[in-house]
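The hints should help you fit chains L and A onto chain E, whose structure is shown.
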Amino acid sequence: MTDPVSTLVTPVSTLVTATGLEPALEPAGSSRAQNRKARKNAAKDPKRKITWDRVWAQRALLAMSVPLLMYQILFKYVPVYGWAIAFQHYKPGRGSIWNQKWVGLQNFHNLFTGVNGERFRRVVVNTMGQSVLTLIVGTFGAIVLALLLNEVKNLPFKRILQNITYMPHFLSWVIVASLASVALSLPSSGGFINQGLMSLHLVDHPVLFLTQPNYFWGIVAGTNLWKELGWNTILYLAAITAIDPGLYEAAEVDGAGRYRKMFSITLPSIRPTIVVLLIINSGWILSTNFELPYFLGNGLVSDKSETIDVFVLRYGYQLGNYSLAVVAGIFKTIVAVILVGSANLAAKRLNQETLV
Amino acid sequence: MSSTTVAKPLARRASRGGSPRRKWTVEQIIFTTLNTTFLLALAALMIYPLLNTLAISLNDGNDAVRGGIGIWPRVFSLQNYNVVFNMHTIYQAFFMSVLKTVVVVATNLFFTSMLAYALSRKEFIFRRSITLIFVLTMYFDAGLIPNYLLIKDLGMLNSFQAYWVPTIISAFNLIVLRTYMKSIPDEIIESARADGAGEFRTWWQIVMPLCKPALAVVGLFVAVGSWNSWLDTLLYNSGDPALSTLQYELQKLLASSMNAGMNSVAATGSAASGGQVTTPIALRSAITMVAAVPILFVYPFLQKHFVSGLTIGSVKG
Amino acid sequence: MKRDLRLGVLRGTGRRLTVAATAMALIALPACSPDNSADKNNSDTLNPSNPTTLSVWITTAQQAPAPDNKITKLLKDKLGVTLKYEIVTPDNEDQKIGVTLAGGQYPDLIGTGDLKQRFLEGGALLRLDDMLKTGAYPNLAAHVKDDIKKMSYSGDQVDKGLYIFPNYNRFYGDVTGGVYYGPAFWIQKRVLADAGYPDLSNMTLDRYFQLISDYKAKHPQTNGAPTVGFEILASKGREWGMTNPPALLAGSPNNGGVIVDSNNHASIYADKDIAKNFYKVINQQYSSGLVDPESFTLTLDQYTAKLATGTVLGMHDQGWDFGTATQSLQSAHKDEYTYVPLMPVYPGVKPWYQDRAVMNINQGFGVSVSSKQPKKALKFLDTMLSEEWQKTLSWGVAGEDYQVGADGVFSRTDQQRKNYKDVTWRASNRLDALLDMLPKHNGKFSDGNAYSPDDQPAEFYATLSDYDKNFMAKYGNKKTWTDFVNKAPQNPKYYPAWNIKLSDDANQVNQQLTDTSVQNLPKIIAGKPADFDKNWQAYVDAIHKVDVKVYEDAVNAGIKDRLANW
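Residue numbers (the numbering used here), protein chains in the order written: chain E, 1 to 356; chain L, 357 to 673; chain A, 674 to 1239.
Derived by calculation from the structure, the hints in this document are not laboratory data. Honestly, I wouldn't trust all of these hints.
[What the hints assert, rightly or not] Straight-line alpha carbon distances no greater than 20 Å define the calculated PhoX-like cross-link-like pairs of lysine-lysine that follow:
{"hint": "1", "chain 1": "A", "residue 1": "K769", "chain 2": "E", "residue 2": "K91"}
{"hint": "2", "chain 1": "E", "residue 1": "K91", "chain 2": "A", "residue 2": "K743"}
{"hint": "3", "chain 1": "E", "residue 1": "K158", "chain 2": "L", "residue 2": "K660"}
Owing to the predicted nature of the structure, the values given are computational and were not obtained by experimental measurement.
So that you can see chain E by itself, here it is in the shape it has in the complex (with noise of 0.2 Å):
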């Protein structure tokens, strides 16, 4: 469960991250069922046999890793006997966790059912929606940019435009909530999309954006695209840089031209990055950032605005009902590992790079 009150920035909260950075291994080439069996045989073999001989030669690779396994298991794993809260009637400082009230499954009926599950219903989709939006724009946004920023030749002025584009990552949600408030108002109270729509013709009466249910999670994946879009590009810039420049040279001879090469050559080079993000990212889905909703949110979109981590910050911390918070945060962990683990399969039948 993550935190729902409003963080800067955590080393997770961009929904979007590239990770990977998996250069080309062979373009194409090889046919996709030959390289799933290499796979497979390497895979297998290490795991056939975990014999003491084995173990003690590989002592130096067990010395960097499962010190640093156990570190994680007390530090991660430990803590969630706390999952406990879900099932009690928690009130703090009753003595420990073990002092309180046991109500069995009372707190999960709480929130699935009656005016409570219905309300938990919309916002579950309502996350959803805003987080799936997010991250195909968000991606799609990122993987474009990193490839038209490849394209410019002069270095000062990529590393300028590079620095530009990840500035609007610093500024805290609330500023940014409030900066698309404005921009989305009426002319007259600096809303100047309204301003260029007029201006442009397209609409005869200014739009009241925020007003209308529907547009929200378009507004949402639109503020989150303007935020994250240049921080989202680091790590495919940095993928793409990876790249051995032989490969261009070779498409040069070849007489490739521009978009030849970055469809042949770029895109392919990034796949593996751009796929084991996403499978890290449908994970995420149920964990959108909390501020951005909370702030931009009022009473006429709230049938699409509100977020799981808003509901759970009014009807879980506001109240003092710790319960609640833990069970939506067992639930969002039991979505997260589906979601992954269904990702992770697909991308291994389509034969793609994998996370685990």
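Okay, now just chains L and A, sitting in the frame of chain E:
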């Protein structure tokens, strides 16, 4: 399709997919113009709000409240920055933030890259299971209270350790580094082995230098995350003012100004007798600038590390 | 200084002079609390030879004092007390309270503003009744004597008794003050001026909107921006701007989401006719263009900006909420754009907008159970409640922060008033965070001065602008803004209903009701008048889906309990 005119066999400069700079075709001119225009427009769109925030921060508070400021301050005033820098806690907090960020980045890079190296070795028997255990941690959180109790039981409350010990490994950064390391050609590793290097030597002396772009990226992510975080200060270290961080102090300053804003129409009638108080919106802008500017400068320093893919290509030749 | 005076006088002439001089010394230097109590080097006393460090938790938006703070120094010099602060802002308190209670280790003193009483019910605080009975804490005992039933905890999670000293509104003497901070339908002064300063008694909604629409017709633009007739306040956390007016229109004081009838029975009013009639009027005004269509999408900043540029003619809000805008207008000398409170009501009803300030029960300082020096902690609170220290904390140091007039009335120079508002100056010269939570000598001191400079009538008049003075004169020589609203009658015994501690289920229902209102009212207000009935019915149906009875029962139980015990 390929352009008909330019077909130079070799590019003199190691350009990344663009055409060599000899003769400019019509297509190139059009594309470059459009591309540049688009990118400039995008940059303008992105930089405008930052300039706007800067302008508001340099604007008199009472005037800023009225809105409508563009990229220049309407009524220039340094009062907002005065308030921020006169906050007695700011210098200690800044120092603590820097220290925390440096320590967190150093420990993170060290341990994560070590683990990533181990997990990138295909022959490592526990590779998949360990990776799975780490990857899963990206998707669940035990909750505030159990985490707090753990820190408390380890005796790390109100201590500097609480800042870096719990956050040594991030699964996400682990994947980034692992994937990059996987791509290093086996020949390099083999030749190191042939020279008699053990795993630690290989990792430290061979693999790490080759991973500069990935380390730079991960370092950047970790630095930004650490610089911006204040929740750990709130939960674990709020009892010791010496351990407070910049973001936390700025957040408290902002809260106090919003509070003052609500009560500022003190019964002492008009503000003619006092214009010293600034308003939340202007103060918030100044706080944003102070919080963001230091970290904004980290990336340019790291940019030079993003150009070292050449080394990978060089082995093949 | 002080020493010279005393020595000079002792060497001086007569007894009368000595007495007079000593009296002056005592008045002029109230920070010197003479160490004259019957303290025999008792380790529970607070004096410089017995240094004490008290750890203090405070939930407040105020800043921690600077290291060079002069009051901090006074505390150390006079009482030997050093405070170690842990300050948590109200936004962060939910999380911090949760983990602190789970951890079980608390600072000596806890200053909590938590209406849910989590610290109290979590067993973090000490029951203080027995300690107070020992007579070692005279100021505190006097403070709680008359209202001990109200101030005590009466639930069932921990033993009944007194745990927390309310930090506001335990009044000593009369209440003074010039600015009205409560709810009202506000209107710009220029609108009233233009309408010839009409009589404001028997104000109705129709008359209110008539004034606004007349003026708007004459002045469709304000300084280049379109004039807004009425702004509905609906931004985050301030939904009460939209949901509370019906109760006030019906003559009920602010009881939150319920109206309590003459039989002391509470019921919600959101689905009743008094609400329906109000929203019908608003809906009509919206469709005739008087209400700002942006009302529901404005952030607080935008709302403030609209007020500060003078474009909004009227709104329903509470006086403390738009202080930033008022200050901005005043600093630009645009007093005619500032606001005056009006009290429209339904026919046949007397307005009850202004209520008597209620005590902040269960908000304030308590002593923690894990404290190793509870007696000293309590003694500290007691000492801070003495008049000398209250004057120091509230007004400052005489001669530096305020002057004592020949008649004993405190006043300030312009420079001192300026300092008072300067957030940086305050960090070095006031203990704002501590004072926020301390029990206070609200009302008047025994020498007639108001507790706070903000409430001192002389200060109010001295800084009123000419426009405002003129404006007030036109209205029959009213003296303060509070004269524009009703005189507050005695509060009912159980008042106010909004701070009754509710069960978790009732809390949740309350939240659900608020959310239902926030989601449906904008649709009703912004919808076509022809659809009003349909929209309203949908809203009422949504309300009835919520288990309102749980909420009403909890409130009624609370009222009964208060009637019995207070």
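Exercise. Enumerate the violated hints, using their earlier numbering and listing them in ascending order.
Key: Checked against the structure, the only hint that fails is number 2, while the rest are satisfied.
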